[in-house]
Amino acid sequence: LAKTTQPISMDSYEGQEVNITCSHNNIATNDYITWYQQFPSQGPRFIIQGYKTKVTNEVASLFIPADRKSSTLSLPRVSLSDTAVYYCLVGDGANAGKSTFGDGTTLTVKP
Amino acid sequence: DAGVTQSPTHLIKTRGQQVTLRCSPKSGHDTVSWYQQALGQGPQFIFQYYEEEERQRGNFPDRFSGHQFPNYSSELNVNALLLGDSALYLCASSRARDRVGTGELFFGEGSRLTVL
Chain A
513 LAKTTQPISM DSYEGQEVNI TCSHNNIATN DYITWYQQFP SQGPRFIIQG
563 YKTKVTNEVA SLFIPADRKS STLSLPRVSL SDTAVYYCLV GDGANAGKST
613 FGDGTTLTVK P
Chain B
6 DAGVTQSPTH LIKTRGQQVT LRCSPKSGHD TVSWYQQALG QGPQFIFQYY
56 EEEERQRGNF PDRFSGHQFP NYSSELNVNA LLLGDSALYL CASSRARDRV
106 GTGELFFGEG SRLTVL
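In order, the protein sequences belong to chains A and B. The first sequence begins at 513 in the working numbering and counts up by one. The second sequence begins at 6 in the working numbering and counts up by one.
Honestly, the hints are just simulated from the structure, not real lab data. The reader is advised that the hints may include incorrect statements.
Below, in silico cross-link-like pairs of lysine-lysine (BS3-like), each with a Cα-Cα straight-line distance of 30 angstroms or less [to be verified]:
(1) 622(A) - 566(A)
(2) 515(A) - 581(A)
(3) 515(A) - 18(B)
(4) 515(A) - 564(A)
(5) 18(B) - 31(B)
(6) 564(A) - 31(B)
(7) 31(B) - 566(A)
Just chain B, same shape as in the assembly (with noise of 0.2 angstroms):
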């Protein structure tokens, strides 16, 4: 059973072009949840899709927008990048019935990306 998978495992970017990063969820799952970790902090929650919309939105510009497809694969999108936007970019997928009480997130290797 394949767990969540991400690619590209590391790219680079020149500031002001666009990045796609990819996320296939852990089998079962219908939640796809990103994160921005920036070296030495926590990760930072961007949002959460489920049933193709965006349901839940951390505290992220418009520069970051997202998608998810019918199959629950997801994509995270983020425009003008800025130097800032150098970090480990995570996936998180987990099941909505679990997502009131109990339930764990299910985390990828995340894409490393370096702006310069």
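Isolated chain A, as found in the complex (with noise of 0.2 angstroms):
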């Protein structure tokens, strides 16, 4: 299993954009990147997913570059309610056998 490094702990202020990393040295060809929100008690919440390059929906963007042993997750614009734990998951898409969780960062936002 692709083991995967995010930083602990982040923090931003309204309205800026946060850029968080994930390093997966490990990654297998068949891996995807999926990133998951958590807010406390609750389950993870899909945030986006990509292969390759670069993958954008309407909450955020992911970047991957070409040998593809990190990703980046940018959330433009945050806000506070965006202050939760953000887990880069590397693995066989909704394959939970063979996908890890890390322990995630958490980003808090400040006004």
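Reassemble the complex: the two chains are provided individually, in unrelated frames, and hints are given to aid placement.
Encoded structure:
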């Protein structure tokens, strides 16, 4: 299973862009990169998924370099409600047994 | 469209007891995965059920067992509870055809188990 490494915590201010990087040096050819958001006492919620280059949806962008050994989740213009734990998950899509959650990055957005 | 529902939301047990947690997957989903999340840590994969059989298993002892019913709902059973079993237990559902390649896990709100 691909092991992921993320910063433990990050601080930001409302309106700023936040970039959270995840390292996954032993990513396999078939692995996708998926990011989840989790609020206290709730289950994780899907944010975005990608395989290579750049993916963008209505809430975030995901940047993946050519070697795929890392990925960066970009949150544009964060608000207080974006304060949460963000997990980078590397594995075979929704194949839970072949994906591993790390300890995540706690993002704190300040006013 | 109801998402993933879990019950109970909170429960308290004592060491040595047994507990059963329940999960109903999102409509249209046929695969259920269970996770244990200790305070301050990421979710740890316990096992995954598809077609009423355990298909994959994480590094958890046999005290942890499960079941999937014909309607795709699932139960997680933990026997001989230990203090260290105190955690948030999360259920996630998905579609089998999404498990290879793209696909996302839909999580419930979890069941908070406290073992005294």
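Against the structure, the hints come out as follows:
no.: 1; hint: 622(A) - 566(A); verdict: holds, 28 angstroms
no.: 2; hint: 515(A) - 581(A); verdict: holds, 11 angstroms
no.: 3; hint: 515(A) - 18(B); verdict: violated, 34 angstroms
no.: 4; hint: 515(A) - 564(A); verdict: holds, 18 angstroms
no.: 5; hint: 18(B) - 31(B); verdict: holds, 28 angstroms
no.: 6; hint: 564(A) - 31(B); verdict: holds, 29 angstroms
no.: 7; hint: 31(B) - 566(A); verdict: holds, 29 angstroms
Checked against the numbered hints above, the structure violates only hint 3.
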